[in-house]
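According to the working numbering, the sequence shown is numbered sequentially starting from 1264.
These are calculated hints, taken from the structure and not from any lab test. In this text, a Cβ means the ideal position worked out from N, Cα and C, and glycines have one as well. A few of these clues could be false.
What the hints assert, rightly or not - What follows is a set of in silico ranges between Cβ atoms, one per label pair, in the way DEER data are often shown:
1) Gln1389 with Tyr1358: 35 to 43 Å
2) Arg1324 with Asp1463: 33 to 41 Å
3) Leu1338 with Gly1291: 48 to 56 Å
4) Ser1273 with Gly1529: 46 to 54 Å
5) Ala1352 with Asp1495: 43 to 51 Å
What the hints assert, rightly or not - Dumping the calculated DSBU-like pairs for lysine-lysine here, alpha-carbon to alpha-carbon at most 35 Å:
6) Lys1530 with Lys1406
7) Lys1406 with Lys1348
8) Lys1403 with Lys1530
9) Lys1530 with Lys1348
10) Lys1348 with Lys1403
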Amino acid sequence: MVKRDARALSPEALEELRRRAVAAVESGSSQAQVAHLLGVSRKTVGAWVRAYRRGGESALRPRPRGRRPGDQLALTPAQQAAMIKAIVAGAPDQYGLAHRLWNRQALVDLVHREHRVLLTPGTSGQYLARWGLVDEAYLKTMKQAQVTAVVPRRSRLFGEDQEWIPGADVLWLAWTRPHAPGPESTRRNLMTGFRDYFGDVHVLQVISTRGVVFFLARVGQFTPMQVERFVDALLGQFGSPLNLVVCRWPPQCGEILRSRPARHAGKVATRSVAD
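Input sequences plus hints: build the corresponding full structure.
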């Protein structure tokens, strides 16, 4: 039988596996038999049984899984809160960074300057996902759907589609509200209490054909002027006309898409797949 890696199980599944193993051994089965039956090593079963005999039921319950010893790149909760507040308060160039829009590298640069902690871009992306500011998985799903010049129409909330600009960069655009009010949680921490800490945060984000995400965040809805500035920053970032596929957008803000500034004519085209 192929041995399973108990470390890959969820805490709940691991607790259930421990209980089954201990119950079987305490009922008279050998550790080797139980290990074979459950697909784990005999050494693992032995460790569970010894822990149970020393500590009782509490030894079988899952323990918090922390960072690996020696990991020097993690931010403390206070440092994370400071970074979220900075992101929500303004664009990276307002902090003297060489970025007009937030992305993984912009966060890396800010963290290093403010806290002398050097993150990798991958770790930076993990923090952005954990904080709920960037929905990279959703954007990648929309991009991988290979939406091209012919986009199926779901509604007319956002005005008529524009002619695709030949040779322009294609970006998938979403306006999200990652921490909208929901069911109350009995657990209170930085993430479950996000709105209490940081307010009603809204995010404008895009993903490029290369999978790079750029975004801005603020407390409260974006104004038409702020959306225009976001698009202006994208034009500056890519240095070329843009074809925007609108994946997610609040219906009550559809007028912002319908009222396009004259300076974007011939430079920006939009097509919507948003509900």
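Can you name, in rising order, the numbers of the hints this structure does not satisfy? Hint check: 1 and 5 fail, others pass.
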